[in-house]
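Q: Now for the letters of each chain:
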Amino acid sequence: GAVVSQHPSWVICKSGTSVKIECRSLDFQATTMFWYRQFPKQSLMLMATSNEGSKATYEQGVEKDKFLINHASLTLSTLTVTSAHPEDSSFYICSARGEGLAGVSGTTQYFGPGTRLTVL
Amino acid sequence: RKEVEQDPGPFNVPEGATVAFNCTYSNSASQSFFWYRQDCRKEPKLLMSVYSSGNEDGRFTAQLNRASQYISLLIRDSKLSDSATYLCVVSLYKLSFGAGTTVTVRA
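Protein sequences appear in the order of chains A and B.
Counting from 1, one number per residue, gives the positions in the first sequence under the working numbering.
Counting from 121, one number per residue, gives the positions in the second sequence under the working numbering.
Possibly wrong hints are sitting among the right ones.
Unchecked claim - With a straight-line cut-off of 27 Å between C-alpha atoms, the simulated DSSO-like cross-links for lysine-lysine are:
| # | chain 1 | residue 1 | chain 2 | residue 2 |
| --- | --- | --- | --- | --- |
| 1 | B | 162 | A | 20 |
| 2 | A | 41 | A | 64 |
| 3 | A | 41 | A | 66 |
| 4 | B | 214 | A | 55 |
| 5 | A | 20 | B | 165 |
| 6 | B | 122 | A | 41 |
| 7 | A | 64 | B | 199 |
| 8 | A | 20 | B | 122 |
| 9 | B | 214 | B | 122 |
In case anyone wonders, no lab produced these hints; they're calculated from the structure.
For clarity, every value in this text was computed on a predicted model and none was experimentally measured.
Using the sequences and the accompanying hints, generate a full structural model.
A: So this is what it looks like as structure tokens:
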């Protein structure tokens with residue numbers, strides 16, 4: 001139980017294009033989803049927090065117009081990196097917190113497998 | 121100052137050895153503490169929560185010292201499969217991750 005999936009698992013794109021990453025909670029309702037970014041040998045950095053049906057809350061220094069987050073349903077959140085540049089190349093990880101499955105804690109975050117983005 | 125600081129290591133230990141490492145955190149108001157494990161190019165996975173009284177899960181023992189604001193993890197009888205990066209995580213309103221301590225267990 002408490003499975004979170006991400007798609008795609010890796011993507012390579014040209015500079016200037018936009019990339020959409022999906023995060024799904026497969027067997028529970030994710031009332032809150034979190035998007036993190038991790039550069040090599042660095043810690044996971046929280047980018048934004050999104051609650052279903054409302055606008056995402058972005059961390060300081062994260063451009064909301066560049067990293068568009070949509071949490072349209074209780075099982076799906078998307079992160080779109082608009083006009084990607086090489087410095088956006090990173091490991092993007094989502095996590096979900098919610099309810100609806102026996103044993104799923106309302107406070108525990110369940111992490112997706114991550115998406116490795118490379119911008120050429 | 122970083123919210124969570126860890127010795128990056130690497131700690132290279134033989135199978136069967138005991139290895140221990142700490143992390144420090146800056147926000148004294150932090151309420152929850154965890155150790156996560158992250159394998160190369162994978163997502164972090166919760167290893168164990170850390171409680172004020174200290175707690176043990178099999179070969180893993182975690183300690184919390186609120187006064188000094190540090191958390192420790194001890195791994196006994198190391199296995200090859202314990203090779204990973206261990207992330208110290210503290211939480212108040214959100215999870216704050218350390219950059220990780222790399223442990224390599226050799227045969």
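Q: Next step is simple, just say for each hint if it's right about the structure.
A: These are the hints, each one checked on the structure:
1. B:162 <-> A:20: Roughly 20 Å separates the two Cα atoms, so the pair holds.
2. A:41 <-> A:64: holds (25 Å)
3. A:41 <-> A:66: Roughly 24 Å separates the two Cα atoms, so the pair holds.
4. B:214 <-> A:55: Holds - the C-alpha atoms of residue 55 of chain A and residue 214 of chain B are around 17 Å apart, at most 27 Å.
5. A:20 <-> B:165: holds (24 Å)
6. B:122 <-> A:41: Given that 27 Å is the threshold and the Cα spacing comes to 15 Å, the pair holds.
7. A:64 <-> B:199: violated (44 Å)
8. A:20 <-> B:122: The given pair, whose Cα atoms are some 30 Å apart, is violated under the 27 Å limit.
9. B:214 <-> B:122: Measuring from Cα to Cα gives roughly 15 Å; hence the hint holds.
The structure does not agree with the numbered hints 7, 8 stated previously, though it agrees with the rest.
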